[in-house]
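Chains as they are written, first to last, in our numbering: chain A, 1 to 355; chain B, 1 to 355; chain C, 1 to 177; chain D, 1 to 177; chain E, 1 to 71; chain F, 1 to 71; chain G, 1 to 252; chain H, 1 to 252.
It is worth saying that the hints were derived from the structure and are not from the lab. Model, not experiment: these values are computed from the prediction. One should not assume that every hint holds.
What the hints assert, rightly or not - Subject to a maximum C-alpha distance of 20 Å in a straight line, what follows is the list of computed EDC-like cross-link-like pairs (lysine to aspartate or glutamate): (1) 27/F with 225/H; (2) 5/A with 58/C; (3) 17/H with 61/H; (4) 326/A with 328/B; (5) 161/C with 119/C.
Said to hold, decoys possible - Restraint-style ranges between C-beta atoms, simulated for each label pair: (6) 224/B with 231/G: 39 to 49 Å; (7) 162/D with 355/B: 49 to 59 Å; (8) 88/D with 12/H: 41 to 51 Å; (9) 3/E with 138/G: 39 to 49 Å; (10) 41/E with 143/C: 34 to 44 Å; (11) 88/D with 231/H: 51 to 61 Å; (12) 30/D with 231/A: 46 to 56 Å; (13) 30/D with 234/B: 36 to 46 Å.
Cβ coordinates follow ideal geometry from the N, Cα and C atoms, glycine included.
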Amino acid sequence: MADEKRLMKGNEAIAEAAIRAGCKAYFGYPITPQNELTAYMAKNMLDKKRIFIQAESEVAAINMVYGAAATGARTMTSSSSPGMSLKQEGISYACGADLPCVLVNVARSGPGLGGISPGQGDYFQSTRGGGHGDYYHIVLAPKSVQEAADLTYEAFDLADKWRMPAMILADGLIGQMMEGVVLPSARDPASLPKKAWAAGHRAGTSREANHITSCWLVPEELEQNNIKRYRRYDEVKRAEVRFEEVNTEKAELIFVAYGTSSRVCLGAVEMAKKLGIELGLFRPISLWPFPDKRLAELAAKGKKFLTVEMSMGQMVEDVRLAVNGKAEVLFYGRCGGVIPSEEEVLAEARRILGK
Amino acid sequence: MADEKRLMKGNEAIAEAAIRAGCKAYFGYPITPQNELTAYMAKNMLDKKRIFIQAESEVAAINMVYGAAATGARTMTSSSSPGMSLKQEGISYACGADLPCVLVNVARSGPGLGGISPGQGDYFQSTRGGGHGDYYHIVLAPKSVQEAADLTYEAFDLADKWRMPAMILADGLIGQMMEGVVLPSARDPASLPKKAWAAGHRAGTSREANHITSCWLVPEELEQNNIKRYRRYDEVKRAEVRFEEVNTEKAELIFVAYGTSSRVCLGAVEMAKKLGIELGLFRPISLWPFPDKRLAELAAKGKKFLTVEMSMGQMVEDVRLAVNGKAEVLFYGRCGGVIPSEEEVLAEARRILGK
Amino acid sequence: MTEKTFMAGFGGQGVISLGMLWVYCAMKEGLEVTFFPFYGAEKRGGIARASVIVSDREIASPLVTSPDSCIVMNMDSLPICEEVAKQGGVMIINSSLVKNGTMRADVKAIEVACNDIAEKIGDPKIANMVMMGALSKVTGAVTLGKLEAVLKTFFPESKHKFIPLNMAAIEAGRAAV
Amino acid sequence: MTEKTFMAGFGGQGVISLGMLWVYCAMKEGLEVTFFPFYGAEKRGGIARASVIVSDREIASPLVTSPDSCIVMNMDSLPICEEVAKQGGVMIINSSLVKNGTMRADVKAIEVACNDIAEKIGDPKIANMVMMGALSKVTGAVTLGKLEAVLKTFFPESKHKFIPLNMAAIEAGRAAV
Amino acid sequence: MANKGKPVIDRERCKGCHLCVRSCPTKVFDVDETPNSWGYYPALPARAEACIACGNCYLVCPDVAATVYKL
Amino acid sequence: MANKGKPVIDRERCKGCHLCVRSCPTKVFDVDETPNSWGYYPALPARAEACIACGNCYLVCPDVAATVYKL
Amino acid sequence: MELIYGHPKSLKPIQTKYCPGCGHGVIHRLICEVIDELGVQDRSVIMNPVGCSIWADLYFDFDSVQVPHGRTPAGATAVKRMLPDHMVICYQGDGDLAAIGTAEIIHAANRGEKFTGIFVNNAIYGMTGGQMAPTTLVGQKATTAPYGRDPIEAGMGYPIRVCELLATLGGTKYLARGSVDSPANIRKTRQYIKKAFEAQLRGEGFGMVEILSPCPTNWQMKPGEAVDWVKSDMIPFYPLGEIKNSLEEAAK
Amino acid sequence: MELIYGHPKSLKPIQTKYCPGCGHGVIHRLICEVIDELGVQDRSVIMNPVGCSIWADLYFDFDSVQVPHGRTPAGATAVKRMLPDHMVICYQGDGDLAAIGTAEIIHAANRGEKFTGIFVNNAIYGMTGGQMAPTTLVGQKATTAPYGRDPIEAGMGYPIRVCELLATLGGTKYLARGSVDSPANIRKTRQYIKKAFEAQLRGEGFGMVEILSPCPTNWQMKPGEAVDWVKSDMIPFYPLGEIKNSLEEAAK
Ligand SMILES: Cc1ncc(C[n+]2csc(CCOP(=O)(O)OP(=O)(O)O)c2C)c(N)n1
Ligand SMILES: Cc1ncc(C[n+]2csc(CCOP(=O)(O)OP(=O)(O)O)c2C)c(N)n1
Ligand code: SF4
Ligand code: SF4
Ligand code: SF4
Ligand code: SF4
Ligand code: SF4
Ligand code: SF4
Ligand SMILES: [Mg+2]
Ligand SMILES: [Mg+2]
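The following block holds chain A by itself, in its conformation from the complex:
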């Protein structure tokens, strides 16, 4: 039975969706602009007798997530840009130990302390592994409060399915804005399948001891382990690519944008239509795995691409890699917490098309 539509902040919708997905333990540390998420968890996890801990730092929080994930529980942490940087070592460990968990970054503008306004400058960090070593993990970018809830819910499933962290990369606008949302139905954590590899609950079984570790001191063993993980990555790339297209067939120029900036571009597409100009929008939903195949197909059709980001240009590299010289890839970015307007993005597109 579907819930009725509620008006919620993105931050709260993410929190509620996590609870409904069966999140048994949340660990976080305050940071703007995601504080409503932590506050929501504080209240509602405690009410449900699940685990909520305000950790002493982001470093502690990610390692609590690591610990909880090691026991097989669904678990989550959230933060914003500087806090995510502090979690990089822990994320690398979680990937190295193949631990499923959900990470939420409600990104702000950087670098450094920067500002508290929305930003998309954490794309590289999220998709390339800001931590050390060879690894990737799933990264999903919602464009709305509804999608923030849906993708968070799904992230728990994907994390478990592929035994890797899944990240929600939102930004301050997605976190702070209110929209209508129909929440996914609640699952009882106890109803979720048990994880045979996890630590704990050995009593009464005849299994060997389980060891959760990312340490392999024999190079050849570590290499084999990495290669096995990359095979899994290949499967993820085949199975989990998500994107949305608007008017890409007719378009002369296709915007490529995710999250907040994709909505700005959508506005520009609509405005252009009224002017008789055909623009399109290609919106990656999964930033990793990146929808490179479909972009390459569009490139082969001779489309031009204009990547629009709230950064100095990060995803544009993935677009270039996907297109591989087969089409022109341009970039338009605002940063520092400035959200581009539909008008300026349209103007840029028209400038490029000379229309």
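Start from chain A and add chains B, C, D, E, F, G and H with the ligands according to the hints.
Just chains B, C, D, E, F, G and H with the ligands now, with coordinates in the frame of chain A:
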């Protein structure tokens, strides 16, 4: 007067070169395989009455570097992969506050705790900003003990010149191996030019108070600040690209490799020559700024590229971006601490060429 | 139908509640909505602003950069609204606090003495409700037909007694334009 | 001329000093050198290995994967060396501890009873020096002409009295092959 | 033998916290009924003549909006 | 009325630290002159008959190479 | 007519962004008064934390260095080591010092770094909107302790007495706890700050002054109620006074 | 003939990688003895730190979770909260616990997390080859303190007495310091561990046993000399015994 040639470990050569470059303060935390560097600094910085602190953690170490750099002093920290992950927030801050400093990563194999053998899996982290927000900093990759010393020495100058961190990205082999090295001449820290923007030494001047910060809460101001910084990045890209080429003119296939793996490839080039096969080597020395122009030129000549890394494939993305579809870019990698042999790399090249 | 509204006022004037109730009602009327509040760099005591959109279609950018309607709750908000107001758009001004109207001749300026009206009804704090009534009437985007029900979920039980007052403010706002 | 040597032995046998002194002397003789010691995954009491290269040209990979010469200091090191040894290469075996030679018929195996010889000279700890003498003679890559000077900088003053003993071990090693 | 003083309130800097009001031993201050341009109701030295220059108002003021002269 | 015991040393697990040697109250152990296959010189219960089953050798052994039986 | 209580020279004469009745303002002024008294404005460097006082570089008219959240003592360590003859002040909130920056304060203190800590304990995260801090009292409500801090059932931990914790460390020489709830306590706090600053100028090891400070906004109280709460609830748990004083002066 | 001192069941019968005479081996055995005695092998989880004992998952025959350096208590917090009826052991070295992991141990202890810490204090970084640890004694040499730890001139800080530091925190219930330098002290240490484990099974809050432990390799001593040095130099500075015991049992 040039020094005589000495036999030194890479770790020690980096340390001594830093001291000679006028490093006034070193802050580090133990981690294999860079411990000799910290130990060398402990002894020699103390002997010279400069500052050596074994910090309580890598997080503290990078923030001590931040503090020392804020006073205008030449300063350095070193670590290895997991420790570098912990420094990402601090690095993002140093970039955001435009602070010059030198960072050394003697990389091991990851992800997670991984192993202590050499690795090149931190390329993304180093060149794309593992930290949050839009930023880059200089990254130099030595191939030998001599170059480790030279590039470290130079890194201090570059950091000061461009007001940004400069990183030495080495790996455990560069750090642990001994080679002959002629060290650059020593500079007295007191002889280095003063930095007008730094904190401290205001007495007797009539300057306004100096504030070192990365915080700009008005989005438009933060944006302007970022744009200014990216203009500087453009200048760095014009002025500081470094690379080495071996037999690229004649070669049918060009290896692209840096650091340790470039030496393996050099060996393969030499072995190939004996077999009458012309291979080449393109070795980026500056990983950021990446020598993309020259690679594009070579691509235009119809060369094939084989990127060889001690990772699952990271720099290969920069090669693809540089080549932009104009040439075939292949990849050969070993990881987990395995160093590829000259023989296997040659075999791969021959397989590709069908020779 | 898409109505993009930009709202601005002093911290305590209830601009945020105004925006939230507006979109809440719109949602109950079957519309798509987005509500994005933001503050200036000053965290404390600055101007509260909100981008508010209601529409019968999917909403593109939640940021209102070219508002169909502007709501100016106090003097300091006027220049901000004047900067963004769309040519031909509506600007509803709280004339209790903004005395000389707008200099933008290309917008349809409507003055509502929200504080005075609210005070007359019995509570100066519901000036924002007066404004919402006016906004509903002027734009026709949201009928506010479900407001009473919405207020019941919005307010805690203990405050339900204030609902009639709020409804009266809405009516007064409507009547004022 | 490029001589790539792979050295292996038990932790305490001085394999690391052997390699270091070898390249130190080579450097003094004007050669390019690289010395890369590595340990197995076991940090404690494992087998010490080193890749050692001396050359009159720039050295490519510092990793010795196809050694011109192998040095086998103890029993456990034998299989490791047998795995990497190059066809036609040299393998110098410490026959004091490795009793039955190598099974690799395609290498030139040379046996030197390093420990016995060292003990005879007066100190079992300088078995590695005996081996170095043999290596110098067999490969001719490094003459060790500067060894005495090198040892003076290598050892602290207090240990300079042991230099003649070391030199004697070198000579004995040379003589043994 | 109390000192005599004169408190001065910088109306524009005052944020109307009224900590000075409650900490003045001689009840010098009232709350001003006219807000300043930030909307705050500043402290008003309504009975300045009672001031004994104790400095309390200055000491507790988080905004250095209260300063005191000695007469 | 001392207990009587029998210490058993696992030669291959012993790392030759000789902590057992020094902590045996009745000096049961010598150091073996033949190294084990790791190159360590194990403890040797040369005077096992003196053992009073106090357990010291077991307690101090970092490698559980010394175990003790009660006779 | 002589100005006897006037604006300190080293504090800029501008309106702060702090909320009405916020303790940060008083503490800023006290620091500047002492700086002026010691005549060290042009050789002072303040380390600004991440917290409400992030804006402090707008107000203090001397050099400043703004470091990542919690790492203030690590930054201060380096600044003081590089500028040993400067007055280095490490300003921190309770989230900054006692949560994320626990390791940094403990080790800087233990190393006996020769800067002075000013620790603003308002028992809450001010900047981020009222989350529980390590110093939040048992039962005190916060957005992340919606039913009040509960050390037992919810395992939220106990309020940490920072001075007492640091007093166990070899490197600490002067640790005092003041409060800005009343004129008398403000005067005493000023004296603690002065002692600590003077000790720093003499080159003595680590000193810190903890200051109990109201956050009316996040305590959801009027400014007057907030200072009352400092007195009624905070001071009984966090005793005022010199918690540790092993300065040479004191030894004499 | 009855085996009275034999290999504990939950310790795997394989050769460890620890150096001859290393204290980790004894401590591993003690843990397993108590686990066996309490019959909880199949519901125990050990948190392995980064340090020489990184390999502990090879030896302990129960579940293990290996976390980043210093974050062992954060990981243990979560594991214990998710598995409240399990025995959760948080094994840490002095670098792990008292340097990089300072914040994590202090806050886990302060929250009164219901796991048991085993803190191996060998006054050195073993794994990385002998750097100074927070517990290194004044004057003790280390690769990063080549002239000995010097708190004054070089500002290297003072050795930290961890039990005493943690004792100031509200959440700690049982803190004891043992040593493996002699059979008598090993027996006592075993008792401390048992008390702490039993308290955990009863659901009582944070307990930790600190254990002074030789690192002959990095102290550059023979094993016998190393245990002597524990007695002659470490114990005088780090007093043995129950530093804090507010277990319900004790209260009775
Ligand atoms: C790494 C990181 N984590 C979190 C934050 C968010 N943050 C900003 S201020 C603050 C805490 C402020 O509390 P406190 O230190 O007590 O200072 P106050 O505002 O109360 O003066 C936090 C958590 C941040 N900026 N960086
Ligand atoms: C983030 C990080 N920093 C540093 C290291 C390197 N490292 C491994 S073990 C260790 C310290 C070991 O000392 P201790 O905790 O005292 O354990 P011991 O080996 O003495 O038992 C360090 C610094 C690491 N693995 N990760
Ligand atoms: S204390 Fe200062 S800010 Fe507060 S009311 Fe008095 S003068 Fe105004
Ligand atoms: S100085 Fe004292 S007496 Fe005078 S107004 Fe201020 S508080 Fe009152
Ligand atoms: S204590 Fe154990 S390891 Fe050491 S010598 Fe005795 S039996 Fe061997
Ligand atoms: S049990 Fe006691 S007496 Fe017997 S051998 Fe062992 S230490 Fe000696
Ligand atoms: S939130 Fe609290 S600490 Fe921050 S400025 Fe306001 S009153 Fe002061
Ligand atoms: S280095 Fe020290 S702590 Fe590590 S195994 Fe060896 S003796 Fe034990
Ligand atoms: Mg606070
Ligand atoms: Mg240790």
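Comparing the hints with the structure gives:
1. 27/F with 225/H: The given pair, whose Cα atoms are some 18 Å apart, holds under the 20 Å limit.
2. 5/A with 58/C: holds (15 Å)
3. 17/H with 61/H: Holds, at roughly 16 Å.
4. 326/A with 328/B: Judged against 20 Å, a Cα distance of about 13 Å means the pair holds.
5. 161/C with 119/C: holds (18 Å)
6. 224/B with 231/G: 39 to 49 Å: holds (46 Å)
7. 162/D with 355/B: 49 to 59 Å: holds (55 Å)
8. 88/D with 12/H: 41 to 51 Å: This hint holds: roughly 45 Å between Cβ atoms.
9. 3/E with 138/G: 39 to 49 Å: Distance hint for residue 3/E, residue 138/G holds at roughly 44 Å.
10. 41/E with 143/C: 34 to 44 Å: holds (39 Å)
11. 88/D with 231/H: 51 to 61 Å: This hint holds: roughly 59 Å between Cβ atoms.
12. 30/D with 231/A: 46 to 56 Å: About 50 Å separates the Cβ atoms of residue 30/D and residue 231/A, which means 46 to 56 Å holds.
13. 30/D with 234/B: 36 to 46 Å: holds (45 Å)
The earlier numbered hints are all upheld by this structure, with none contradicted.
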